[in-house]
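Chain residues, written in single-letter form:
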Amino acid sequence: RKEVEQDPGPFNVPEGATVAFNCTYSNSASQSFFWYRQDCRKEPKLLMSVYSSGNEDGRFTAQLNRASQYISLLIRDSKLSDSATYLCVVPTVSGTYKYIFGTGTRLKVLA
Amino acid sequence: EAGVTQFPSHSVIEKGQTVTLRCDPISGHDNLYWYRRVMGKEIKFLLHFVKESKQDESGMPNNRFLAERTGGTYSTLKVQPAELEDSGVYFCASSQDPPLAGGEQYFGPGTRLTVT
Numbered sequence: 001r002k003e004v005e006q007d008p009g010p011f012n013v014p015e016g017a018t019v020a021f022n023c024t025y026s027n028s029a030s031q032s033f034f035w036y037r038q039d040c041r042k043e044p045k046l047l048m049s050v051y052s053s054g055n056e057d058g059r060f061t062a063q064l065n066r067a068s069q070y071i072s073l074l075i076r077d078s079k080l081s082d083s084a085t086y087l088c089v090v091p092t093v094s095g096t097y098k099y100i101f102g103t104g105t106r107l108k109v110l111a
Numbered sequence: 001e002a003g004v005t006q007f008p009s010h011s012v013i014e015k016g017q018t019v020t021l022r023c024d025p026i027s028g029h030d031n032l033y034w035y036r037r038v039m040g041k042e043i044k045f046l047l048h049f050v051k052e053s054k055q056d057e058s059g060m061p062n063n064r065f066l067a068e069r070t071g072g073t074y075s076t077l078k079v080q081p082a083e084l085e086d087s088g089v090y091f092c093a094s095s096q097d098p099p100l101a102g103g104e105q106y107f108g109p110g111t112r113l114t115v116t
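Protein chains in written order, with the numbering used here: chain A, 1 to 111; chain B, 1 to 116.
For reference, chain A alone in the conformation it holds in the complex:
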């Protein structure tokens, strides 16, 4: 089993739709979680951090379910500019705090 797993998609949704992605992680001791956004041929950029049960920032909501070991990202009122790959990241809990990445979920918002 991979340490961090995501559905690669692609998710094709119309503008204005609500879309949700899930990410499962294997280490029950993990304490922090991130969603990064990566545009084609660009670097990953932080979208949201999740340290407790969840976080909300405008149209974006991230939730953590420790019992089931997954985090989710909800995007409301999708915009064309939301089209990107969304990376689930779980840092290691000890040592170097290196990032463990999921494969990413591709989202395409259609006009």
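Within a straight-line C-alpha distance of at most 20 Å, the following computed SDA-like cross-link-like pairs (lysine to any residue) qualify:
1) B:Lys78 to B:Pro8
2) A:Lys2 to B:Gly59
3) A:Lys2 to B:Lys41
4) A:Lys2 to A:Arg66
5) A:Lys42 to B:Val12
6) B:Lys41 to A:Ser26
7) B:Lys78 to B:Gly16
8) A:Lys79 to A:Pro14
9) A:Lys108 to A:Pro8
10) B:Lys44 to B:Pro61
11) B:Lys44 to A:Asn27
12) A:Lys79 to A:Ala20
13) B:Lys44 to B:Gly88
14) A:Lys2 to A:Arg106
15) A:Lys108 to A:Asn12
16) B:Lys41 to A:Glu3
17) B:Lys44 to A:Pro8
18) B:Lys41 to A:Gly9
19) B:Lys54 to B:Gln96
20) B:Lys51 to B:Glu68
21) A:Lys42 to B:Arg22
22) B:Lys41 to A:Glu5
23) B:Lys54 to B:Leu21
24) A:Lys45 to B:Val89
25) B:Lys54 to A:Thr92
26) B:Lys44 to A:Glu43
27) A:Lys42 to B:Met39
28) A:Lys79 to A:Leu47
29) A:Lys42 to B:Gly3
30) B:Lys44 to A:Cys40
31) A:Lys42 to B:Asp24
32) B:Lys41 to A:Pro10
33) B:Lys54 to B:Arg64
34) A:Lys45 to B:Glu104
35) A:Lys42 to B:Ser11
36) B:Lys41 to A:Asn22
37) B:Lys78 to B:Glu57
It is worth saying that the hints were derived from the structure and are not from the lab.
Keeping the supplied structure of chain A fixed, place chain B upon it in accordance with the hints.
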């Protein structure tokens, strides 16, 4: 404030040649990480520096890869000799906070390496 920069942005070399990638972290960031994404796979950790010291190099594929961070500023990653499977995008990231504080890592634009 300048972000993480990497040079070159692209490199195309032949199998057996040597390539050196450079990363300049955000000023004041002690933590510097190298990651790599090969086609079709997830981004994977290569190694971590704190200042000039290697803290974890468990992700380095083999001894053809050598990373340095002399003086604790910029870092270089040398691949010698390059093999076809080394092709991919090499990202550098830096962070200010100590790892346990949960500091965000800031990524550079990456170096796209193609070995032919």
